[in-house]
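Starting from the structure of chain E, add chain L where the hints point.
There are 2 protein chains.
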Amino acid sequence: MCFRNFSAIACLALMISAPVCADDPLASWNDGTSKTSILQFVAKVTKEGSPEYVPPAERIAVFDNDGTLWCEQPIYVQLAFSIDRIRVLAASHPDWKEKQPFKGILQGNLIGALASGETAIGELIEATHTGMTTDEFHTTVLEWLKTARHPKFNRPYTELVYQPMLELLGFLRANGFKTYIVSGGGVEFMRAWAETVYGIPPEQIIGSSGKLKYEIRDGKPILIKLPELDHLDEGPGKPVGIQKFIGRRPLAAFGNSDGDFQMLEWTTAGAGTRLGLIVHHTDAEREWAYDRVSHIGKLDKGLNEASTHGWIVVDMKRDWKTIFRD
Amino acid sequence: MCFRNFSAIACLALMISAPVCADDPLASWNDGTSKTSILQFVAKVTKEGSPEYVPPAERIAVFDNDGTLWCEQPIYVQLAFSIDRIRVLAASHPDWKEKQPFKGILQGNLIGALASGETAIGELIEATHTGMTTDEFHTTVLEWLKTARHPKFNRPYTELVYQPMLELLGFLRANGFKTYIVSGGGVEFMRAWAETVYGIPPEQIIGSSGKLKYEIRDGKPILIKLPELDHLDEGPGKPVGIQKFIGRRPLAAFGNSDGDFQMLEWTTAGAGTRLGLIVHHTDAEREWAYDRVSHIGKLDKGLNEASTHGWIVVDMKRDWKTIFRD
Numbered sequence: 114m115c116f117r118n119f120s121a122i123a124c125l126a127l128m129i130s131a132p133v134c135a136d137d138p139l140a141s142w143n144d145g146t147s148k149t150s151i152l153q154f155v156a157k158v159t160k161e162g163s164p165e166y167v168p169p170a171e172r173i174a175v176f177d178n179d180g181t182l183w184c185e186q187p188i189y190v191q192l193a194f195s196i197d198r199i200r201v202l203a204a205s206h207p208d209w210k211e212k213q214p215f216k217g218i219l220q221g222n223l224i225g226a227l228a229s230g231e232t233a234i235g236e237l238i239e240a241t242h243t244g245m246t247t248d249e250f251h252t253t254v255l256e257w258l259k260t261a262r263h264p265k266f267n268r269p270y271t272e273l274v275y276q277p278m279l280e281l282l283g284f285l286r287a288n289g290f291k292t293y294i295v296s297g298g299g300v301e302f303m304r305a306w307a308e309t310v311y312g313i314p315p316e317q318i319i320g321s322s323g324k325l326k327y328e329i330r331d332g333k334p335i336l337i338k339l340p341e342l343d344h345l346d347e348g349p350g351k352p353v354g355i356q357k358f359i360g361r362r363p364l365a366a367f368g369n370s371d372g373d374f375q376m377l378e379w380t381t382a383g384a385g386t387r388l389g390l391i392v393h394h395t396d397a398e399r400e401w402a403y404d405r406v407s408h409i410g411k412l413d414k415g416l417n418e419a420s421t422h423g424w425i426v427v428d429m430k431r432d433w434k435t436i437f438r439d
Numbered sequence: 114m115c116f117r118n119f120s121a122i123a124c125l126a127l128m129i130s131a132p133v134c135a136d137d138p139l140a141s142w143n144d145g146t147s148k149t150s151i152l153q154f155v156a157k158v159t160k161e162g163s164p165e166y167v168p169p170a171e172r173i174a175v176f177d178n179d180g181t182l183w184c185e186q187p188i189y190v191q192l193a194f195s196i197d198r199i200r201v202l203a204a205s206h207p208d209w210k211e212k213q214p215f216k217g218i219l220q221g222n223l224i225g226a227l228a229s230g231e232t233a234i235g236e237l238i239e240a241t242h243t244g245m246t247t248d249e250f251h252t253t254v255l256e257w258l259k260t261a262r263h264p265k266f267n268r269p270y271t272e273l274v275y276q277p278m279l280e281l282l283g284f285l286r287a288n289g290f291k292t293y294i295v296s297g298g299g300v301e302f303m304r305a306w307a308e309t310v311y312g313i314p315p316e317q318i319i320g321s322s323g324k325l326k327y328e329i330r331d332g333k334p335i336l337i338k339l340p341e342l343d344h345l346d347e348g349p350g351k352p353v354g355i356q357k358f359i360g361r362r363p364l365a366a367f368g369n370s371d372g373d374f375q376m377l378e379w380t381t382a383g384a385g386t387r388l389g390l391i392v393h394h395t396d397a398e399r400e401w402a403y404d405r406v407s408h409i410g411k412l413d414k415g416l417n418e419a420s421t422h423g424w425i426v427v428d429m430k431r432d433w434k435t436i437f438r439d
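Sequence order for the protein chains is E and L.
Numbering-wise, the numbering used here comes out as the position in the first sequence, counting from 1, plus 113.
Numbering-wise, the numbering used here comes out as the position in the second sequence, counting from 1, plus 113.
Any given hint could be a false lead.
Identical chains blur together in the list; that is why a pair holds if it fits in one copy or across any two.
[As the list claims (entries may be wrong)] No more than 20 Å apart at the CA atoms, straight line, and that leaves these computed lysine to aspartate or glutamate pairs for EDC-like: (1) K411 - E231; (2) K148 - D137; (3) K259 - E165; (4) K326 - D343; (5) K333 - E418; (6) K326 - E239; (7) K414 - E328; (8) K324 - E341; (9) K324 - D343; (10) K324 - E239; (11) K265 - E341.
Rather than coming from a laboratory, the hints here were simulated on the basis of the structure.
From a predicted model like this one, the values you see are computed outputs, not experimental measurements.
Just chain E, same shape as in the assembly (with noise of 0.2 Å):
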C-alpha cells in the first residue's frame, strides 16, 4: 500500500531515516529543552561512577494518571464509567429516578447530579464501587472497557493513553527504573488494565482507595469493598501515599495538575539529581488546552512554581508530535 503513487518517497524517506528512529527512545518527543532535560536526567542518574549515580534499587519514578497518561476531558474516565454503572443498575434501584446525583445522570444532567460536589462524588463511588468483591469490580470495569468509547475521539479508553508517555515510561524502565503510578484514581480501577496499558503491574499502582472486609462466604474467603475511604492519594495524599506504599523518596514525579504539586515538591526536594516534570495541555486542536481555571486537570500554582522548583514543563502541542498511542 506504502508504495503506491506519491507516497512511496515519503515511504521511502522513512525507511532510510528509521535507524536513527529506532534509537530514539523518546520518538515522538520534538527536540527541545523538554527532551534534552529528560535524557540529561537519565544519562547523569545511570553513569557508573558519577557524582550523580544512583544504584538501580533506588531509582523510583512516579506518574500521575489523569491527564498525565491518558486523556482526562471532558470528564474523568473512572466517572465516565460510573455513569454508565448507574445506569445499567438504575433498573434495581426506582428511587434513583427521584434521587440526586441518580435522577441528573438518569436524565442525563451531569451539572444537576453533581451539584453537591464532593457528597454528590461519594454516592457514586459508593453506588458503583463498593460493596463488591475486589474480583467482581475487576471484571466489570474490564467489561466497561471493552464497549466503552470516548465521547470525542470514539475510540476505546485504552487507546488514548499519550504515546510519548508510553515511550517515557519504557525509557526509564530499560534504565533501571522502577515505574508506579500515584493517582487520585481509585486504585482497583487502575489496576484493572494498567498492567496491559502501561506495563505497571499492580503493586507498582497507588491510587485512592476504600476500605476492604475479609470474610468467609460459601467457605471461601473473599474481599469486600466498603463504602468507607481508606486513603484519599491527591495533593498532600499523594507524597503520604508514596511513602505509605513505596517507603523511599522517588528520584522522577511526572504530573499535570495541582493536585500533583506536592508529588512534585516532595520528589525534587530529595538529595542529588532529581526530576519534576509537568504535562500542560496546550492542544486544542489534538487533545486539549487546558490549566489554570479548568475545573478538571487545574493547573496553577504549578505553572507559578514550577521554575522556582527547576520543574519541566512539557508543552504538548510544542513538545509532541503525537499524542495519543500508536
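The following block gives chain L in isolation, referenced to the frame of chain E:
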C-alpha cells in the same frame, strides 16, 4: 584455625562435599517432606509449557517477619526497641516515673507495664514511634540496632534471622518470585533494616502503620508520623494489606502463628498450585519451643487446620540444620 588438630579431617570432608552443598539452594534444610514440598512447588510453577506454569509477574511470595524470618522471643524485637527508647526519652518526661506503662518499664517490671494490654502498647507506640519525621525514625532504629543485643544469644538482632529462611527467600527470587514481608510489626521499623538483612526493598514491606502528615517545615517538605492507626496488618488485616499494597493474590505464603492464618488461607484458596507453610517452633535448645498457649506467636488454629488446607508445617528442630544466619 580449621586445620589445627582433629577438626582438619572434618574440614577436609566439608571441602570435598562443598560443591554438592553449593548446588543445593536450601542447604540448611534437612531432607524431608518440608524441603521436598518447597522444591516441588517451585519446579511446578516455573516449568514452561506445564499447566501449572505461572508467569514471573504473578509469582508473589509473602512472608511474615516475627517468628518466621527472625526470632520473636522472649519479646518482639520492636518491643525491645520501644523499651530502650522509653529509657532514653525518660529524662525529658519526669511524669513517666508515676505513670504506666512507662513506670513499669523504667522499674524493669514489664508485666506490670503491659497489664492494660492494647492500651499500654498503644501508649508505648505513641511515645516512641510518633511525633517525629519518617527520616528521623529511620535513623533512630538503625542507631539502636548497632548496639542492641538479644538477651539470650547476646548477638545483634539482625543476626538472629533464620538461615533456612534466608535461603528460601534467595531460592524463590532466583526463580522469578517477588518476595514480600507481610507482618504485624511496624512497617517503618522493618524498612529501616530489611533491605540489608533480607534483600527486601522498602516497597515490598507491608506492616502495621500509623497515619502520616505532609507539611512544610523551614521551607522543606517532611512527613510526620502521627499517633493514629492507619493499618493493622494482623489476622484478617493481612489479606486486606496484601490487596491494598500488592493488589494480586500471592502464590505462596509463609507464617508461624495464628496471626498468619488468614494470609495463608487467602493465598492457598487461589486457583492453581499454591504453597502455604508454617514454621513451627519446636527447638527449645537452639531457639525456643512454643505454640498453642504462647503469648507470643500463638499457633493453635493453624496447627489444627494445616493438613485440611494442605499447608506444610516445618518442624524447626527436625527440618533445619542450622537456625540463625551463618
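Checked hints:
no., hint, verdict
1, K411 - E231, "within (17 Å within a copy, 45 Å between copies)"
2, K148 - D137, "within (11 Å within a copy, 49 Å between copies)"
3, K259 - E165, "neither (45 Å within a copy, 29 Å between copies)"
4, K326 - D343, "both (12 Å within a copy, 15 Å between copies)"
5, K333 - E418, "between (52 Å within a copy, 15 Å between copies)"
6, K326 - E239, "within (15 Å within a copy, 26 Å between copies)"
7, K414 - E328, "between (44 Å within a copy, 17 Å between copies)"
8, K324 - E341, "both (6 Å within a copy, 16 Å between copies)"
9, K324 - D343, "both (5 Å within a copy, 11 Å between copies)"
10, K324 - E239, "within (12 Å within a copy, 24 Å between copies)"
11, K265 - E341, "neither (34 Å within a copy, 45 Å between copies)"
Hint violations for this structure: numbers 3 and 11, all remaining hints satisfied.
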